[in-house]
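The hints should help you fit chains B and C onto chain A, whose structure is shown.
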Amino acid sequence: MEKILEIKDLEVKFHTQSGTVHALRGVNFHLNKGETLALVGESGSGKSVTAQAIMKLLPTPPAEITKGQIILDGEDIVPKTEKQMEKIRGNVVSMIFQDPMTSLNPTMRVGRQIDELIMKNEKVSRQEAKRRAIELLDMVGIPNAASRYYQYPHQFSGGMRQRVMIAIAVAARPKLLIADEPTTALDVTIQAQILELMKRLKEKLETSIIFITHDLGVVANMADRVAVMYAGQIVEIGTSDEIFYDPRHPYTWGLLSSIPSLDANDGEELHAIPGSPPDLTKPPVGDAFARRSPYALQIDFEKEPPMFQVSETHFVKSWLLHPNAPKVEPPKIVQQRRRVLPGTFEHPVLVEGGL
Amino acid sequence: MAEKLVEVKHLKKYFNAGKPNMVKAIDDVSFDIYKGETLGLVGESGCGKSTTGRTIIRLYNATGGQVLYQGKDVHRIKSKKELKELNRKMQMIFQDPYASLNPRMKVVDIIAEGMDIHGLVKNKTERMEKVVELLETVGLNEEHANRYPHEFSGGQRQRIGIARALAVNPEFVIADEPISALDVSIQAQVVNLMKRLQKEKGLTYLFIAHDLSMVKYISDRIGVMYFGKLVELAPSDDLYKHPLHPYTKSLLSAIPLPDPDYERSRKRIPYDPSVHQYTDQDRPEMREVAPGHFVYCSEREFEQYKKEYENR
Amino acid sequence: MTSSVGEKEKFVLVRQNLEEAEKIEKKSISFWGDAFYRFRQNKLAMFCVFLLLVLVAMAIFVPWFSKYDYDTNDLMNTNQPPSAKHWFGTDDLGRDVFVRTWVGARISLTIGVVAALIDLLIGVVWGGIAGYKGGRVDEVMMRIADILNGIPYLLVIILFMVVFGQELWTMILAMTVTGWINMARIVRGQVLQLKNQEFVLAARTLGASFNRILFKHVIPNAMGPILVTLTLTIPSAIFTEAFLSFLGLGLNPPLASWGTMANEGLPALEYYPWRLFFPATFICLTMFALNVIGDGLRDAIDPRLRK
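As given, the protein sequences belong to chains A, B and C, one line each in that order.
Quick note, the first sequence lines up with residues 7 to 361 if you use this note's numbering.
Quick note, the second sequence lines up with residues 16 to 327 if you use this note's numbering.
Quick note, the third sequence lines up with residues 17 to 323 if you use this note's numbering.
Excised from the complex, chain A in its bound form (with noise of 0.2 Å):
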């Protein structure tokens, strides 16, 4: 399987007036070519600070990149210039987000900005850029492209101006795609129109995904690989499967009961994950998610837990894996939908280093 990307040790600390944030803490996973990866987590997990490091978007005054390494498509872009970052940024790997009305120019007609980024990365004519422009712009499934092309952002809908940022977002055919929270702001189905959209032009082009979001039923419809995050490192990682039917992560349980099943009955209560997530100006010693934890370890508040591997390709950043941790039981939401998954390991496997 051939990597795109692969993200060894990342660490990222913010200097601001009430501390320095540690943003992200060690963060490590990889993307095969073609796959599509779902980066889950809630405010403060650092996901989307992990999709603007890949990018380099980082406002590197408060922001740093104190450790490790980002390997785009072969070649490490943590020590790349910002000029050098230009040439990659639209070709090798775009962005999508949350919001497309402020990352739409409100003044520019919406077939010039397509055009524009056409033209940075190729020579072509101005003709060609507008013929290429308009064929994404039906690509993307906005109707009546040709006239389209002359309108401004204003004159469409959030789910049309999601399906322009996309558009401007794959002009150039980048191999990576990441989308930081893409539909959170649409309406249900609009929703589902925008990722059935993302599916068919990740066949058609190629491209591998990155996709962020919190929403559980998003990642079960798009991801093929899912990487849970919590105060600034990944605790859980595995395919689509994995996570949802043998999650081992005691914030992963945390967060799938916390859904409400559509099927549950009025009398169980919710299972919510008390408190909420840590101050990360003063990162807590050992497993940061211990302290809203029923299944809290003495150890939890002592060392950081290592990875433990349960298949090739499920890893879990828990000292519950450890042998000499007690078998505990996931709540009941999770029990439900529990089940054995081919290749799982007898014993988990503790890694040494990275993943």
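One or more of the hints may lead you astray.
[Stated by the list, open to error] Here are the computed distance ranges between Cβ atoms for each label pair: (1) B/264 x A/38: 35 to 45 Å; (2) A/344 x B/134: 54 to 64 Å; (3) C/80 x A/25: 46 to 56 Å; (4) C/74 x B/195: 51 to 61 Å; (5) B/195 x A/288: 28 to 38 Å; (6) B/195 x A/348: 49 to 59 Å; (7) A/346 x B/279: 52 to 62 Å; (8) B/264 x A/348: 33 to 43 Å; (9) B/242 x C/243: 40 to 50 Å.
In case anyone wonders, no lab produced these hints; they're calculated from the structure.
Every residue gets a Cβ at the ideal spot worked out from N, C-alpha and C, and that includes glycine.
Structure of chains B and C alone, referenced to chain A:
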């Protein structure tokens, strides 16, 4: 027989009425809310659900129709005293935890404001005591009283908003998208809190939201809105298991669930309004297809839906 | 590696009081505390605050302690350049320019601050009501403001002073006739923005009265821009007074404001430059300092710069 607390009768709210850019936000909507129940109101942007909530509580004036609270017409109340009474009985929780608390006020003052306005406490000590009691009810504590909103997380702020609404001992609470802006695990905290409070204080809720799974979990009955009209109203389970209106079916088919197997086989059903083919003769209105299950339809469709429901 | 983590005792479940989880770690800071903290980071603005304090202190104390009065004539020593006896020199009547400068400071600063405060009062009430009520009321009120604004303000001031005399209080009042309009516009803008915020809606649902909403919810949240506008109105008023006095339409002698002193100093510029130099310099310094402080406040209060 359950008592009706709120009756919405042919409610209309048009913005810019009479002008070319008129928007029919609520276009002849009728439903009842029974004491002690949670009625969910769902729909997508522009369907009018938030406007409905705000018109019921009189933040907006109605263009037509009535809202009756315990039999009294909410919009026709003239006396200041009666209006104040109404303010006490009907309260609202808002969507945006970052905009719904006055950033310049301390938490204690935010929560106590209702008590101050209605003269519910005699002195400063009693005021503080009541505030602390409310804070503890919503899962916060005394030391939070002297802090400012910006020091809290979204979920905590939402709880402060709930405490504020509870401070005047309301009977009916309209929750306008109270959890949309919160993280998933925090949503569960707030929803659990709301359910517990309902039991303890005998509250009636109108729960407006667009997250259908959460709405189903908390609501007894659910109404589905589409462009200012109520298209279906039924008990939660019945709505999800046997949706009848094509829009409801389309909406439900578009929800992704955290279950990869289900997702792999899910087929979305798009909704095309022209499928109804309403003529001038048709008078579509809410008709009771099955006990408690209402659908907005013409006579013709009514027969169809009845058959469909029977064959479920 | 593995052996060091093998202490079996550590792998026991810990009973947690998960309610502790709601504690807030950091110290409590109010909005203003936060804003002033940021303001203190702005070195130039802090320097200007210091400068202004020095100016005010001088304006208060120098005339008390000086051995000369502002109107002490000394016809033997007219137009003397700065010396050990007269730090800023003397003018054409032998008066000590140093003490006159600080008496002038009192007057100029007083005019500036009082005019700005009156503008504030009228502007807040006018803009607040117009913005909150909206509709017809807003239209009428703002049209009145627009019409008044259309009249050249210098003309208004001059007319006012011709009719009511060239006194200190007539000058202040004259400036406020149209000076409040800017503040009213700012306040109205803020109110329009704030009145649809959810916390205002919440206050309405709680049954809050119009007054309560305006004065407890809306205005306090508009204080930022209001304060900034206030700080920037003061130099404007000072300059207007200086300008008028410079034209000879200002205060009557021997009352000295910086403007009248500059007016008297201009014809003597070629031979006795210090008589223009000192008042002019202080006008500039004061305006500069207030403008910098106003900008600094604006930056410190800007919500976008908040965490």
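Going down the list of hints, with the structure as the test:
Between residue 264 of chain B and residue 38 of chain A, the C-beta spacing of about 37 Å keeps the proposed range 35 to 45 Å intact. Judged by the Cβ atoms, the range 54 to 64 Å given for residue 344 of chain A and residue 134 of chain B holds: they are separated by roughly 56 Å. A hinted range of 46 to 56 Å holds for the C-beta pair residue 80 of chain C and residue 25 of chain A, which are about 48 Å apart. Between residue 74 of chain C and residue 195 of chain B the C-beta distance comes to about 58 Å, which sits within the given range of 51 to 61 Å.
Between residue 195 of chain B and residue 288 of chain A the Cβ separation comes to about 30 Å, which falls inside the hinted range of 28 to 38 Å. Take residue 195 of chain B and residue 348 of chain A: their Cβ atoms lie about 39 Å apart, and the range 49 to 59 Å is violated. In this structure the hint that residue 346 of chain A and residue 279 of chain B lie 52 to 62 Å apart at CB is violated, the actual value being about 19 Å. Distance hint for residue 264 of chain B and residue 348 of chain A: a CB-CB separation of about 36 Å, consistent with the stated range 33 to 43 Å.
Separated by about 45 Å at the C-beta atoms, residue 242 of chain B and residue 243 of chain C satisfy the suggested range of 40 to 50 Å.
Violated hints, listed in ascending order, are 6 and 7; each of the other numbered hints is respected by the structure.
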